[in-house]
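Colleague: Here's the letter readout for the chains.
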Amino acid sequence: MKGRGRVAFIVSFLAPAAIVYAGLVLVPLIRAFEFSMFRWRGVSNKRTFIGDENFRNLFQDRAFATALTNNLMLLVGCGVAVVALALLVAHGVRGEGRLRKILRSIYLFPQVVSVVVVAVMWQFIFNPHGLFNAGLRAVNLSKWTHTWLGESAWALPAVGVAFVWYALGFYIMLFAAGLEGIPHEVNEAAELDGSKGWHRFWRVTWPLLWSVKRVAVTYLTINVMNTFAIVYLMTRGGPDRKSEVMLTYLYEQAFVNSQFGYATALATGNFLVVMVLSLAILFVFRRNPVEARP
Amino acid sequence: MYSLLALVACALAACNGGDGSKVEGAIEVMAFKGGYGIDMYESAAKEFQEKNPGVTVSVSGNPRVWEQIRPRMVAENPPDLMFPGWGMDHWALVEEGQLRELDSALDGPAYDGKGTWRETFDPNMLKLGQKDGKTFMLPYYIMVFGWWYDPAVFAKNGWTPPTNWDELLTLCERIKAKGVAPIAYQGQYPYYMIEGMLYPWVVSLGGVQAIVDAQNLVPGAWNSEPMLKAAEMIDTLNEKGYFLEGSTGMSHTESQTQFLNGKAAMVPCGSWMESEMKEVMPKGVTIEFMRVPVVAGGKGDPTALLVGVEPWMVPTHAKNADGAIALYKYMTSLPKAKEFVEKKGTLMAIVGSDQAKLPRVLEKPAAAVREAKTLYANQHRQWYPSMQKEIEGAITSMLNREITPKQFVDRCEAAAEKTRNDASIPKYKMSL
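Residue numbers (our numbering), protein chains in the order written: chain A, 1 to 294; chain B, 295 to 726.
Worth flagging that the hints you see were computed from the coordinates, not collected in a lab.
Take these hints with a grain of salt, some might be off.
To be verified - Label pairs and their calculated CB-CB ranges:
id	chain 1	residue 1	chain 2	residue 2	range
1	A	V76	B	T597	54 to 62 Å
2	A	F285	B	A717	19 to 27 Å
3	A	Q60	B	K651	54 to 62 Å
4	A	L24	B	A661	57 to 65 Å
5	B	A717	A	F59	17 to 25 Å
6	A	I30	B	G427	42 to 50 Å
7	A	R98	B	R468	54 to 62 Å
8	A	R56	B	P347	56 to 64 Å
9	B	D397	A	R56	38 to 46 Å
10	A	E34	B	G514	38 to 46 Å
11	B	P357	A	S105	47 to 55 Å
12	A	A18	B	Y483	42 to 50 Å
The C-beta atom is built at its ideal place from N, Cα and C for all residues, glycine as well.
Just chain A, with the same shape it has in the complex:
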C-alpha cells in the first residue's frame, strides 16, 4: 500500500479515536481556558468577561500558594515513601514460598477498595480515640499520641500516610514487573563478578529499572497533584488549611463560594503545574542510562 491509499488507510484507523479524544478532551480543555477568563457564579448563564483577572488573583492568593506547597510536600514525602516501599515489597514478594504467594495476592487490595472507604478507615485509625493512639498507649508511648488530623503539624503527614497505603499496591506491581524484566543473564553476570546486596542494587538493579521509574514517578506526580477525595474526606483541608491541596481549594471556590470562573482558573493552574512537572520528569528521565553507557 503506497501514497494516498496508505494515508487514507492510516487516517481511517486514527480518525475515530482522534474524534472522540478531541470531543471529550481537547474541546472541553479549550472551553475551560475560556471559562477561566470570566466571572461566573455557576448558577445562571450570566458570565462577565474579565480577561486575566482570575489569573492575577491566583498569583496573589495565599490559600492557593498554601495548597500548592502542600501538594508539593505530599509529592516529595509520598514519592520517596512510595518508591522506597514499593521497591522493598517488590523485592520481598519475588520468588517462591507460601508467605510470598500470600503477599502477592494481597498487595493490590487497597487499590480495589474505594478511596472513600480508605479515607473513612484512616479517619477512624487517626481519630484521637482511634486505633493508632490506642496502639501507642498499648506499648506505653502515650506521650506520643496526638490529634493526628486536628493538629497543624500532623494533619498533612497523616493524610500522606493514608495516600501511601492506598497507592502503594500499584507501584509494587510496577516495580515487581520491572524486577522480573531484568534479564537473568545480567544478574548472573553480576553475581559472577562478586556484586551483591546494596552494591548490586545500586549498580545493576536500580539503573535497569529506568523505564519503570519513569512511569512510576510520572504517574505518582499526576496522582498526588490531583489528590482530592482522601484529603477532603479526612481533614477537609484543615486545620486552618494546613492540609489544603489544590483540588480541595478548587472545590471550595466552585461549590462553596460559587466562583466557577476562578475555580476554572485554579484548575488551569493545576493543569499547568502537573504538565510542567510531568515534562520535567520526562526530561530528567530522557535517556536510558544503561543504553547511554559506552
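Since the structure of chain A is provided, determine the placement of chain B on it from the hints.
Modeller: The following block gives chain B in isolation, referenced to the frame of chain A:
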C-alpha cells in the same frame, strides 16, 4: 486535568435542555433529602393533587439534589418549587436573578383564608430570606442552636445545667474531677464553635447589636471588646482542659458520639441533634437541650437564641410558579406544619406549629424559642463564605493554641475588611 473537565462538563450540561414549554397544571418539586426525608413533601403533593383536579405534582429529591438543580438553573429549566439544601449557594441565586420575589404572594391570602400568607410565618424567620426588604426565600423547618447534656448523667452526679459563665466554670471543674471531659466539640466543622460559643457570648457581652455589626462588616466589629472577651472565654475553657481531648480533629458525628458514650458531659449542637444521632444513640441514653450559659449581668438579652432555616424557593424561570406557590401555601398551612412537627420531630417557622404534640426532645428548644426576646442567625456564613472559611480557620488555630484570642479577632477583622473592600462580593445587611 480531571478537575478542568469536570467544571467544563458542568458548564456544557447547562447549555443543553430547557425548551421552556409550559405544562399546564404540572408542578415539579425538587427537594433536599436529608434527615427528614421527602416523604412528607410527597404526601402533601398527593393531597394537593386530590384537592385540585387537573394538577399533577411530581416530587423528587436526594441527599445531593443541589447538584441536579445547579445545571438546570443555568439552563433556565428549573423545577417549579425547590428546596436545594445546604450545598446550594442560595444568595448567589438571589444575586443572579434566579429566584422569584415572593412578596406579592405573601401579601395574598393564606391557605386557610385567615389573614395573609405572610402572617403564617414567624417574621424573624421570614427575614432570613430577604434582601433589601424583598423576600426571595421562604422558611420551612427551623433549627435552634444550643448545648446538649444527658439529664440522667447530670442527676446521678448531682450536676445542674449551668445558666451562666460562673456556674459553667464551677460545673466544668466538678465534671473534670470525675474524669469526664466537660465539653466536646466538632473540630472539623468549626462553625459549631462559632455558633455554639462565640456568637452567644458576643451577644451576651455586647448585646445583639455586636453580632449585627459584625455581620454587617462594620469596621472594628470583629475585633471589638465583646468579640475579644468571647474568644478569651473559649480560650479559658481550653486552657483549663475542659474540652474533650482531640476534639479539634473530630467530625460532628465523632464528637457527638463521644458525648453520647459519656466521654464528654456537654456538646454544642442544633435542635437536629437527636435525629442526626438516632442510629448510634446508646440504649437508655436521653439527651436534653439547654441554652448556652451566658455572662451574668451581661449587656445582652439572656434569652437570645441563635436560629437557622433551610429555605424553599420558586425559581424565576419556573414554568408553573403559581402552582408552586399554591402548593407551598398548602405545605405551610398550620395543620400540615403541625403534622410535620409531630412526624419529623423538628420545629417549624409556621406560627402556632409548636402547639402540636412535640417530641420530648424538642420541648426545651421550643420553650427556648417561645421565651426568646431576641432571635438572630449566622447569616454571614452564607453571605460571605470565603470570610467564614477564614474565621473558621482562625478559631481552629486558636483552639490548637497556635494563636491568641487577640490574634484570632484580628484575623477575623482582617477577613471582614478584605470582604468589605472587595467590590466583586455583593453586600448584605442584617437587621433585627
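Colleague: To test your reading of the hints: which numbers does this structure violate?
Modeller: 2, 11
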